[in-house]
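Chemist: If you want the building blocks of each chain, they are given just below.
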Amino acid sequence: MSAPVVIVGGSLAGLRSAEGIRKAGYSGPIKVIGNEPYLPYNRPPLSKELLSGSGEIDEIYFPIKESVADIEWVLGQAATSLDTKEQKVTDLSGASHSYSALVIATGLRPKPLPVDSNGISGVHVLRTFDDALALRKQLLPGVKVVILGAGFIGCEVAATAIKAGCKVKVVARGHEPMEEALGKTLAKEVKRRHELKGVEFVKGASVFGLIGDGHVQRIILDSGVIYDADLVVVAIGSLPNTEWLEGSGIDISNGVLVDGGLRALSSDGAVIENVFAVGDVARYVNPLFDEVPRRVEHWNLPTETGKRAGQILGKQLNGESVADMLAEPFAPLPSFWSDQYDMHILAFGMTYLADRSELVAGELSGECVLEYFRNDKLVGVCGIGMRPTIQSYRTKFSLA
Amino acid sequence: MIKVEVDMTKCQHYGQCVFEAPTVFKLNSEDKLEYVAEVDDSELDNVEAAVDICPMQAIRIAQ
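If you're matching them up, the sequences are chains A and B in order. Note that numbering that gives the first Met the number 0 has the first sequence beginning at 0, numbered continuously upward. Note that numbering that gives the first Met the number 0 has the second sequence beginning at 0, numbered continuously upward.
What the hints contain is simulated information worked out from the structure, not anything from laboratory work. Mixed in with the good hints there might be a few duds.
[What the hints assert, rightly or not] Straight-line C-alpha distance at most 27 Å; calculated DSSO-like pairs for lysine-lysine:
{"id": "1", "chain 1": "B", "residue 1": "Lys31", "chain 2": "A", "residue 2": "Lys47"}
{"id": "2", "chain 1": "A", "residue 1": "Lys87", "chain 2": "A", "residue 2": "Lys47"}
{"id": "3", "chain 1": "A", "residue 1": "Lys64", "chain 2": "B", "residue 2": "Lys25"}
{"id": "4", "chain 1": "A", "residue 1": "Lys395", "chain 2": "B", "residue 2": "Lys25"}
The task is simple: from the sequences and hints, build the whole structure.
Modeler: Written out as structure tokens, the structure reads:
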């Protein structure tokens with residue numbers, strides 16, 4: 000029997016890759032190695048519904064389609080190394096897994112507290128179901144929460160913590176909350192709404208150290224200010240899980256560099272046969288915007304990358320030509336949203352690239368839509384409420 | 000015919016499905032999801048894509 004397709008990473012992108020392989024008609028063995036103990040589950044609720052409610056893991060599992068019901072799951076095992084010559088992945092238990100083709104879907108992990116915690120507990124991150132469970136137990140009325148980072152995760156945790164009756168401070172090095180994605184105008188408005196709910200923003204600072212007897216009691220900022228803190232949430236971004244690929248020859252300078260067919264590239268730009276990368280860990284050019292390869296951490300991209308990689312790989316394994324598929328440009332339109340209080344933010348495109356934004360509908364203080372431009376070219380749209388209007392922009396992004 | 004079911008207790012009206020299957024799903028002027036419950040077999044691929052992309056995993060294809 001030939002070696003299975005091995006997918007490293009048991010989350011959404013890995014699942015969609017497996018489905019794509021089957022959709023292309025390949026029926027051989029598939030093995031998924033995942034470092035979490037769970038089958039693939041949906042992460043967006045972790046910072047929202049699941050963080051405030053009493054939801055359990057079985058409410059957020061993705062359905063396992065009939066086409067992938069026969070795949071083998073090796074869960075709770077992180078991959079530790081890759082040998083592309085021998086076509087083998089080794090996991091933490093020391094077991095080695097031969098593959099006929101490999102899909103890298105190891106995703107990201109949160110950046111840890113940037114200083115030594117000295118063993119003080121009460122410091123949380125949020126990426127996995129277990130993280131959400133640990134954090135939600137602590138979000139109790141009157142608890143003083145200090146959140147490091149004012150990105151999407153930081154702001155969503157702030158909103159959830161306020162709803163739970165916590166006292167919330169958000170400490171960030173940068174400017175306004177979610178400014179990179181929302182631009183200054185909208186970010187300022189979002190900040191105003193957070194402040195109305197009671198969130199206090201502390202700008203231009205980061206953590207210097209923690210004080211506590213076993214559990215955190217206070218946090219010292221590098222500005223010298225000290226705040227009481229019963230709980231610290233670290234939400235300062237994430238790191239690609241690529242350490243296990245060191246020495247494999249794959250370009251892992253920032254995630255896994257892939258071509259438009261999601262095929263892994265070596266440091267000198269050559270395609271590495273039978274190795275693909277998908278989801279948050281993949282870095283690729285999106286011709287909708289420019290020629291710069293980027294990692295993009297938005298909801299629809301694990302699905303888009305997984306489906307495409309799976310279908311190309313499945314055809315290839317069937318001995319069919321994939322030239323047509325590779326010739327088709329890969330130009331997915333990133334899509335993201337965020338719910339904070341009664342504020343529903345929805346966006347398409349790469350608002351991050353913009354040098355200016357412009358209010359085009361509604362009012363900033365209520366519901367609104369903003370267009371985002373780079374060198375006067377539309378690169379994104381974002382708004383609060385007004386979803387049908389924002390939705391209508393999806394067709395405005397196309398390849399020239 | 001394909002029967003489409005949306006669990007409206009889960010749906011948060013993100014409208015991701017609208018792009019995948021615009022003849023089946025739409026957001027109305029109140030930002031709420033509306034959908035056609037019975038569609039032609041030719042829509043299967045689009046509805047499947049909508050099922051996959053739903054952030055709340057609220058859409059089902061009933062047999």
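Chemist: If a hint holds in the structure, say so; if it doesn't, say that too.
Modeler: Tested hints:
1. Proximity of Lys31 (chain B) to Lys47 (chain A) is assessed by CA-CA distance (about 19 Å); at most 27 Å being required, the pair is judged to hold.
2. The straight-line distance between the Cα atoms of Lys87 (chain A) and Lys47 (chain A) is roughly 39 Å, outside the 27 Å bound, and the hint therefore fails.
3. Between Lys64 (chain A) and Lys25 (chain B) the CA atoms are separated by roughly 26 Å; this keeps the pair inside 27 Å, and the hint holds.
4. Between the alpha carbons of Lys395 (chain A) and Lys25 (chain B) the distance comes to roughly 18 Å, so the proposed pair stays at or under 27 Å and holds.
Violation of the numbered hints given earlier is confined to hint 2; every other hint is satisfied by the structure.
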